[in-house]
Every structure is written in structure tokens, then in C-alpha cells.
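Asks: Keeping their order, the protein sequence lines are chains A and B.
Counting along the first sequence from 1, when you hit position 246 you're at 246 in this note's numbering, and nothing is skipped either side.
Counting along the second sequence from 1, when you hit position 192 you're at 192 in this note's numbering, and nothing is skipped either side.
There could be a bad hint or two in this list.
Here are the computed lysine-lysine pairs in the BS3-like style, where the Cα-Cα straight-line distance is at most 30 Å [stated by the list, open to error]: (1) B:K108 with A:K109; (2) B:K122 with A:K111; (3) B:K142 with A:K109; (4) B:K123 with A:K111.
In silico contact screen, one side only, chain A against chain B (beta carbon under 8 Å); selected entries [claimed, not checked]: (5) L14; (6) P84; (7) N178; (8) R186; (9) R189; (10) G199; (11) V200; (12) G202.
Don't read these hints as lab results, they were simulated from the structure.
Glycine included, every Cβ here is placed at the ideal spot set by N, Cα and C.
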Amino acid sequence: MTMQTLLRRHGVVLGLLALVLVLPLVLPSNFYFRIATLTFIFALAVLGLNLVMGYAGQVSLGHGGFFGIGAYAVAVGPTHFGIPVWAALPLGALLAGLLAFLIGRPILKLKGHYLAVATLGMGILIAMVFTNEAQYTGGPDGMSVPRLVLFGWSARGPITWYWISGISLVVAAWLAMNLIDSPTGRAFRAIHDSEPASGVLGVNVARYKLIAFVLSAVFAAVAGAYLALYDGGVTPRTAEFLRSIEFVTMAVLGGLGSVIGSVVGAAFLTILPQVLTVFHDYEHVVLGLLIILFMMFLRDGIVPTLARLIFRRRS
Amino acid sequence: MSLLSVRDIGIEFGGVTALSGVSLDVRPAEIFAIIGPNGAGKTTLFNVISGLYVPKHGRVELNGEDVTRFPVHRLSELGLSRTFQNLQIFFRMTAAENVMVGRHLHEKRSVLPHLFALPSTKKQNAQTRTKAEELLAFVGLKGISEQTAGNLPYGALKRLEIARALAAEPKVLLLDEPAAGCNAVETAEIDEIIQKIAARGIAVVLVEHDMRLVMKISHRIHVLESGRTLAEGPAQEVRRNQKVIAAYLGKHAGEEATHA
Ligand SMILES: Nc1ncnc2c1ncn2[C@@H]1O[C@H](COP(=O)(O)OP(=O)(O)O)[C@@H](O)[C@H]1O
Ligand SMILES: [Mg+2]
């Protein structure tokens, strides 16, 4: 392996770790810790989405649904089935993975816009279950989520969750970077660029699309569980259609096929609305305009475009 | 004993017949050319053989096994590999990574060790990369392994496809116009590469418009016209076949044949 790939691989994970470690020194208040925590949680989901969308090239407009499954698992499991919270979290991730496997098999045969619409339908269906199964989920009002307690220690507050979500994100980025530079990750990226060539070289295209879809669902479910545990509650809005759109926007804006891009995209859409409150009634207009402008001028997403600019200047 | 056997293949697109009654047999270490005018059905035949198209009639056999309706990736497992006329490059990956994908079937594919970058995965990655570098050198692409494939010139991509197909260690290799767009020097290099591949015992099925190249290196030539077989035989026979000269090779090639 060359120096360049070594740097690229470990640089991303180490850079992210440094960010998570250093940020608390400059964050002035709990409010900022909350923003950082939300960024990390969303970045976790977007990182997963990037595996299927950015690397394997298969769009999903339904990942809000998997996010919701993770969130409701830590709510419904302990409340109705007496499952401890620490066990409900991985169970929710498993459930999301299983569902992705079952739904993914038929719908990943679809391509492009058709796949987009099918995943969108999937997301809406999942969200509908959360709204309608009121005896378990509390219906439209949602339900409260018990605290995560590990060895008698209760995880609560923005600073605790800053560390849990931050370290999880670093681990997730490490896993993603490992995967990308492995036969599985190469198969993902090959499928993205040419399905016929991938198949001819022995890559089982359907299988690898499914692997990417399942993994991304698991990432989203873990993120959803974190949000529910951090907020201490969950409503169908956690898993609504807009959530799926938000994830896709974060992934595209930050940069498809970029691990750092996932974090930057999540940060952008989490931090910016807070900053834009100075525009009062025009907040959403300005946000929309900014997204349009960023996409126009940084077409490949913030991170890949900037990386290319910096690289070109150097050489 | 033939390695690849195509029996009475027929396929149509929206009622238009693209291939009809095409049969051929290819032996190990043989360079078997398929020639014919544009639209004759050469690429379509490759697509049928490699499982991308399902034929309406006929069979494809590999090593005596009927593989006609096998999924594409299964054919690769049975020893078939190919390149594409309209390049199918993984253009966002580096040249080395393109070839590494070709090693897919020779790698351990459990996902968990990949996720955790276990020592076994790292070791395998290093081995695959070494193999890819070797193959890049073999096709004359030394020193470009870390470049993004999308930034490479056309001629390099043609070779990259050959290296990638070879990485799968095929028994039968289909090459669709490997010398298209190449200058004389590059064509001579492709010539040499193909002969080396055949010398390793691999059956090479070659679709190519450069008649000089085809006549020089092919053991046998199969001529297609409008989806049908016009002639088949050794180069010396085919180049003198009046039907072939009239339909395809034309006056110029006929002259060339008598001078050669
Ligand atoms: N997927 C397809 N859909 C419709 N027509 C096709 C398709 N593939 C090939 N054809 C037709 O089959 C014929 C043979 O094409 P092709 O195999 O590409 O010729 P060649 O490679 O010999 O130049 C052409 O008339 C072409 O238009
Ligand atoms: Mg062709």
C-alpha cells in the first residue's frame, strides 16, 4: 500500500477522532454540545446511507424508516416487552437489518427513479405503522424512552451523549473506511460504475446491493436509537418522510462516496438552521437558497469538490 | 474437446433478428476471431455468451456444461471473462482497484472480517494489489496504478480492461475490439499481449476490425454478416473466401490478402 492510501485511510478516522476530542475544549455551553451531538447522530445515519448511495450507487428515500425502527425499538422494547434498553438497541438494529434484507431483495432489482419511489414508499409505510399502532407506540403523540443504564450508570445530558455519539461516529467511520478498502467495498464501488462489468468479473450484483442496503439500515437504526435515548422520547416525526429527505440532502451536500462528507453534510444541515434563525421568517428561504447555491457551485458535494480544488492547487 | 461451445444461437430485439443459427467451438489456447461489418451481431454474440442477454434459441456450453441461463457472475466462476467494446470501466476507482475487482472470486468474501480489517483481510488486500500491479505491468501499464481510471486515456483503458479480465484467471477470454482507436505501435503491443495470453492456455475469442491483426494472430476466423454465419475456417481460407471478400473484406482487403 502506498503512503497516499495509508494517509487517506487513517487520516479520515484520526482526523475525526481529533475533532471529537478537541471540540469540547471550545464548545461554550450545553446548547453547543447538543448541536454537536445531533450532528454526530445524524452523521452516523448519513454515513450508513453513503454506503448504499455514495458507494454502491443505489438511492434510498426511505432511511428515515430504519432510523425510526431503531428509535422505537428502545422505546417499545423496554416499555412493553421488558427488554433492557442496552439490549433493545442492538435488537432494533438487527430488526432494521432484517427488514432491509426482506424488502431489499425485491426492490433492489429496480433502478434509478423506480428504486427511489419504492424506497420512498417503504419509508412511508414504516412511519405509518408507528402512527397507527398506537397501543404500542403512543400513536401521533409518541412515547417516552427510558434512560440507557449501563452498570448502574445512567446516560443522560448533552455531554454524556456527546461522547457516546462522537466515539460511535469515529468507530463507524473506521468500519466504513475498512469496508471501502476491502473486496466488499470494491464490489460496491464497481457496481456503482458498471453493473455489467461487475457481473462479468464474478461480483454477485444483487447480493452486494443487498449487503450495502442492510448495513446502511443498521447504521440508521443505531443512530435513531441514539436520538430517541438522548431526547428521552420518540414521535412518528422521528421517522417521517422528511427525515429520509434530510439524510439524502446531507449525503449529497456533504459529498456522496465521502466519509468526511457525511459528517460535513450532517453538520451543515444541523448547524445552519440554528445560525439562520437571525433571518426570522425567512429562515427556510435562506436555507433552501443556500442548498441550491452549494449544489450549483460544489456539484460533487462540499468535501469532494474542495478536496479536488486543494489537490489541484498543490500539483 | 472444445472449451466454449455455442450452439444454434438466435436472438431478436423488438422483432428484429440480431443473431440466427450461429454455432461455434473454441479450444484451449486458441485465438478465435469473429469478424463482420458493423451491426453484424458480434457484440450481441459476446453478450449472449457472457450471460448479459438470454438467447431466444440455442445453447452456450462451457466445458460441456449448459450455461445458457446462468446469471452473469456464475459464468465468471466457470472461467469466462471479457472486455467491452464501449468501455465499462470503474472510472471512479484507481487503475489498480479496477484490476483488484477482477480478483473478486479469488478473495475471501465474508463481510465481517472486511468491516474490522482483520489481519487476514489486510494480508489478502496486499496480495490482491501485488497481483494487480503484475497484471498492469503485463499489459504495459506500469506506474499508473494509483491514478483514477477516469483520468486515463482511451488506449490505457482498453488495456486496463484486459488486465482486469485476466485478473479473474479465465479459461475463456472474450475481447471486443481491443485495438480500436489504437495507433500502429499500440496495436503491435496488443498483438503481443493477445499472443502471450493464448500461450498461457487461455482461449481468446477476438472481435476486431483491424484485419492485419486478425489475419496475423488468429488460428481460426468466424465471419458474421447480418446475424448469420458467412464462413468459418483458418485465416488463409477465410481471406480467400469469395463470399467473405464480397461481403466484408472488400477489394482492398482482398488485395492485401494476396500480397501478404
Ligand atoms: N440491446 C439491444 N436492443 C436493441 N437492438 C440491439 C441491442 N443490442 C444489439 N442490437 C442490435 O443488434 C444488431 C447487432 O449489433 P452488434 O452486436 O452491436 O453488432 P456488432 O458488434 O457486430 O457491430 C444491431 O442491429 C443492433 O442495433
Ligand atoms: Mg460491436
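Asks: Compare the structure with each hint and give your call.
Replies: Evaluated hints:
no., hint, in the structure
1, B:K108 with A:K109, "holds, 25 Å"
2, B:K122 with A:K111, "violated, 33 Å"
3, B:K142 with A:K109, "violated, 38 Å"
4, B:K123 with A:K111, "violated, 35 Å"
5, L14, "violated, 15 Å"
6, P84, "violated, 25 Å"
7, N178, "holds, 4 Å"
8, R186, "holds, 5 Å"
9, R189, "holds, 6 Å"
10, G199, "holds, 3 Å"
11, V200, "holds, 6 Å"
12, G202, "holds, 4 Å"
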